[in-house]
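> Protein chains in written order, with our numbering: chain A, 1 to 426; chain B, 1 to 426.
Just so you know, the hints here were simulated from the structure itself, not pulled from any lab data. Careful: at least some of the hints might be erroneous.
Capping the alpha-carbon separation at 27 Å, the derived lysine-lysine pairs in DSSO-like fashion look like this [claimed, not checked]:
(1) B/K385 to B/K86
(2) A/K54 to A/K200
(3) A/K302 to B/K200
(4) B/K54 to A/K397
(5) A/K385 to B/K385
(6) A/K302 to A/K337
(7) A/K385 to B/K97
(8) A/K385 to B/K86
(9) B/K337 to B/K302
(10) B/K38 to B/K54
(11) A/K86 to B/K397
(12) B/K97 to B/K302
(13) B/K200 to B/K385
(14) B/K302 to A/K200
(15) B/K86 to A/K397
(16) A/K86 to A/K385
(17) B/K385 to A/K97
(18) A/K337 to B/K97
(19) A/K302 to A/K291
(20) A/K292 to A/K302
(21) B/K38 to A/K97
(22) B/K291 to B/K302
(23) B/K200 to A/K337
(24) B/K337 to A/K385
(25) A/K200 to B/K79
(26) B/K86 to A/K337
(27) B/K385 to A/K86
(28) B/K79 to A/K97
(29) B/K299 to B/K86
(30) B/K397 to A/K79
(31) A/K97 to A/K86
(32) B/K86 to B/K97
Model, not experiment: these values are computed from the prediction.
Residue strings, one per chain:
Number of protein chains: 2
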Amino acid sequence: MELIINPNPANWVNLAQRPTVDAAQLQETVAAIFEAVKTDGDAAVKAFTLQFDKVDLDTLLVSDQSIQEAIATVPDDLKAAIQLAKSNIEAFHATQKEVPRIVETTPGVTCWRESRAIESVGIYIPGGTAPLFSTVLMLGIPATLAGCREIVLCSPPDAQGHINPVILYTAQLVGITAIYRVGGIQAIAAMTYGTESIAKVNKVFGPGNQYVTAAKQYAQQSGTAIDMPAGPSELLVIADDSAIPAFVASDLLSQLEHGTDSQVVLLCDSERMARETLAELEAQWVVLPRKKIIEHSLKNSKVMVFDDVETCLDFSNLYAPEHLILAVERAAERCAKVVNAGSVFLGNYSCESAGDYASGTNHTLPTNGYARSYSGVSVDSFIKKITFQSVTAQGLKNIGPAIELMAAAEQLEAHKNAVTLRLNHR
Amino acid sequence: MELIINPNPANWVNLAQRPTVDAAQLQETVAAIFEAVKTDGDAAVKAFTLQFDKVDLDTLLVSDQSIQEAIATVPDDLKAAIQLAKSNIEAFHATQKEVPRIVETTPGVTCWRESRAIESVGIYIPGGTAPLFSTVLMLGIPATLAGCREIVLCSPPDAQGHINPVILYTAQLVGITAIYRVGGIQAIAAMTYGTESIAKVNKVFGPGNQYVTAAKQYAQQSGTAIDMPAGPSELLVIADDSAIPAFVASDLLSQLEHGTDSQVVLLCDSERMARETLAELEAQWVVLPRKKIIEHSLKNSKVMVFDDVETCLDFSNLYAPEHLILAVERAAERCAKVVNAGSVFLGNYSCESAGDYASGTNHTLPTNGYARSYSGVSVDSFIKKITFQSVTAQGLKNIGPAIELMAAAEQLEAHKNAVTLRLNHR
Numbered sequence: 001m002e003l004i005i006n007p008n009p010a011n012w013v014n015l016a017q018r019p020t021v022d023a024a025q026l027q028e029t030v031a032a033i034f035e036a037v038k039t040d041g042d043a044a045v046k047a048f049t050l051q052f053d054k055v056d057l058d059t060l061l062v063s064d065q066s067i068q069e070a071i072a073t074v075p076d077d078l079k080a081a082i083q084l085a086k087s088n089i090e091a092f093h094a095t096q097k098e099v100p101r102i103v104e105t106t107p108g109v110t111c112w113r114e115s116r117a118i119e120s121v122g123i124y125i126p127g128g129t130a131p132l133f134s135t136v137l138m139l140g141i142p143a144t145l146a147g148c149r150e151i152v153l154c155s156p157p158d159a160q161g162h163i164n165p166v167i168l169y170t171a172q173l174v175g176i177t178a179i180y181r182v183g184g185i186q187a188i189a190a191m192t193y194g195t196e197s198i199a200k201v202n203k204v205f206g207p208g209n210q211y212v213t214a215a216k217q218y219a220q221q222s223g224t225a226i227d228m229p230a231g232p233s234e235l236l237v238i239a240d241d242s243a244i245p246a247f248v249a250s251d252l253l254s255q256l257e258h259g260t261d262s263q264v265v266l267l268c269d270s271e272r273m274a275r276e277t278l279a280e281l282e283a284q285w286v287v288l289p290r291k292k293i294i295e296h297s298l299k300n301s302k303v304m305v306f307d308d309v310e311t312c313l314d315f316s317n318l319y320a321p322e323h324l325i326l327a328v329e330r331a332a333e334r335c336a337k338v339v340n341a342g343s344v345f346l347g348n349y350s351c352e353s354a355g356d357y358a359s360g361t362n363h364t365l366p367t368n369g370y371a372r373s374y375s376g377v378s379v380d381s382f383i384k385k386i387t388f389q390s391v392t393a394q395g396l397k398n399i400g401p402a403i404e405l406m407a408a409a410e411q412l413e414a415h416k417n418a419v420t421l422r423l424n425h426r
Numbered sequence: 001m002e003l004i005i006n007p008n009p010a011n012w013v014n015l016a017q018r019p020t021v022d023a024a025q026l027q028e029t030v031a032a033i034f035e036a037v038k039t040d041g042d043a044a045v046k047a048f049t050l051q052f053d054k055v056d057l058d059t060l061l062v063s064d065q066s067i068q069e070a071i072a073t074v075p076d077d078l079k080a081a082i083q084l085a086k087s088n089i090e091a092f093h094a095t096q097k098e099v100p101r102i103v104e105t106t107p108g109v110t111c112w113r114e115s116r117a118i119e120s121v122g123i124y125i126p127g128g129t130a131p132l133f134s135t136v137l138m139l140g141i142p143a144t145l146a147g148c149r150e151i152v153l154c155s156p157p158d159a160q161g162h163i164n165p166v167i168l169y170t171a172q173l174v175g176i177t178a179i180y181r182v183g184g185i186q187a188i189a190a191m192t193y194g195t196e197s198i199a200k201v202n203k204v205f206g207p208g209n210q211y212v213t214a215a216k217q218y219a220q221q222s223g224t225a226i227d228m229p230a231g232p233s234e235l236l237v238i239a240d241d242s243a244i245p246a247f248v249a250s251d252l253l254s255q256l257e258h259g260t261d262s263q264v265v266l267l268c269d270s271e272r273m274a275r276e277t278l279a280e281l282e283a284q285w286v287v288l289p290r291k292k293i294i295e296h297s298l299k300n301s302k303v304m305v306f307d308d309v310e311t312c313l314d315f316s317n318l319y320a321p322e323h324l325i326l327a328v329e330r331a332a333e334r335c336a337k338v339v340n341a342g343s344v345f346l347g348n349y350s351c352e353s354a355g356d357y358a359s360g361t362n363h364t365l366p367t368n369g370y371a372r373s374y375s376g377v378s379v380d381s382f383i384k385k386i387t388f389q390s391v392t393a394q395g396l397k398n399i400g401p402a403i404e405l406m407a408a409a410e411q412l413e414a415h416k417n418a419v420t421l422r423l424n425h426r
């Protein structure tokens, strides 16, 4: 992990670069699978599942009986933990619902907007050794709070054709309406076009590897909305002398274990804190089961020392981290200075793991600098806001002449005429 | 304009199709221009401006002096009309700002979110014969309300190198920070990468022809956010016997004059209303200056008669119109039934022109069925919402054990360790 003391501001933009990922070469594969699923529906999905997941499925839908059987195998203490997380996530996301505010902009001209759930949404949950049931909470809870009518979940089957029981438990807990054992590009294609058994959805959510990412890009170009562009996960920590090096090191490691392409950035206002944290990191990482992954992701990572916390915040805003830990004195006061970040953790006890699982905030966040223009997932991600206006005859008298002048100046006579005709009526 | 009586529900999906537009063949042109602008900056932008706009420019930035000179030429009554529209648009959009709501999800665990303006945004305003200054209002006003630091506007120059004075007047009125006389693909490329004179922006907004649309797609794939996917403008009107055929016809025509690819759909609960509106439309369109355009766009358009207004609303929700006029009795009561639409106009005096210019709502809306998953432009489009969490030592005691269990079940030991280490501290 590179240590840089007081980098020249001219180099900041370079230091804020992410490891580059090129998804362009996957385009042809993605296009071919989408085309096959569009044409052959379930048959194509099953063929790709045999090819990629090495399992021959009769049905794609997970039956209620299988779900109930799986639920019985989940330990009670884990169920209780998931319920606690659900309760916190619900409490926070419930505050995101908007009450319509009606405004009379001119006498007789009333405007407001109302939220409507996106009717059908799809959630992708990756497979692999670890069952990412926490993401089922993070996407399923705002979807049900928003009131989405169909909430479809796709996740790849294991060699026996099963989805992990904890994923199934969490899915039924949050109100997923249908679960399909389908993964990869074919899952995204099935939700984009619909098949005999899988519903076409209006928006696709969820993390995934480079294939899933490329498939979501393709889905977006085909007219299906997606949650946000994807990129490797990342954490930036600002630590002053009030920070505890062992805590900071543990947070950096929790980010680094995600994948070989993860990235962490540590910013300190003293070389001592930087060096002590690096020493702690060395001591902690060797005992972790994912130390091989961490060995790789450490190479993408940096420690920088700046003159003061203010300058650290300036760099952080340029970098626009997915996760930002403010392990500094008066952290709450510093919040106003944070301009670009996905989710922010204040003080020594707000570890990233808290937000990943159970504080209540969402863990689906903008990576790769997208925090400059995108928000993380929230109830907003599952709704549209429709504007309404009600203009009375008197209201149109008040604004009509202005509309006539403006429409004429834009050479849109029919726009003008729609007003003129009404003003002249009777 | 095709008249269909009581279409079979099995045909509804086909009837809700839009005219197809294929932007794929423009990809190579777009990629070449983006590459040139990325490499050669202003020189490339100027070369493309000479090639496409037939004007050789010294500078791209419009000077303050040119702006002031242009403003002096705008008639006072038009200025007053634009100011009235601005006042209404501001009043409505000001209601969209969110106040942070702080929630303690568990004792010692506090979560909230705060809005931050996207720091730098770009607004594209097309050129051509009609100066679309109303779009400057619709994009510039929410940008300034959000607090965006840089609000760049690009619009193509005419043969003399000028931008229309009304666009310049409106731009300075709403607080645009820099105006560039650059259009087409090269304008979007310049805002995506930045050049010597044009700032790189975080998000690009605005309408445009197929070239601009393809360029915005390319920008999005290159990491710059865009307002929404584009498509031809469209209007759906539901009219019962309380509607006035002449008014309805004038609204359909105001939509049809936008372009040859515009589309209107009229839904009635009686054949009488359908036929009377068609007769009014015939009478009105022949006298309009854009009748040639309307002759084309009428071919994309349909009139359908259903049994009742409820069924009309069902079809409308399937179609998901950009603009929806409810020229029906008890229109306000029907609003709850509207699920998919961009902006809704209630009653006989809420013509689409009102929302296009001056009621207060935004006219940048989702087309092509995107209203199923996207909202129109609002202050939300110019901000990100950052989540914050503050967890005390006691708070972590309360949620820590749940996090440890969940992290272990996801095989993320470093995530677990970040909590364990803190719980064991001292």
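> Run the structure past the numbered hints and jot down the numbers of the failing ones, going up.
4, 12, 21, 25, 26, 28 and 29
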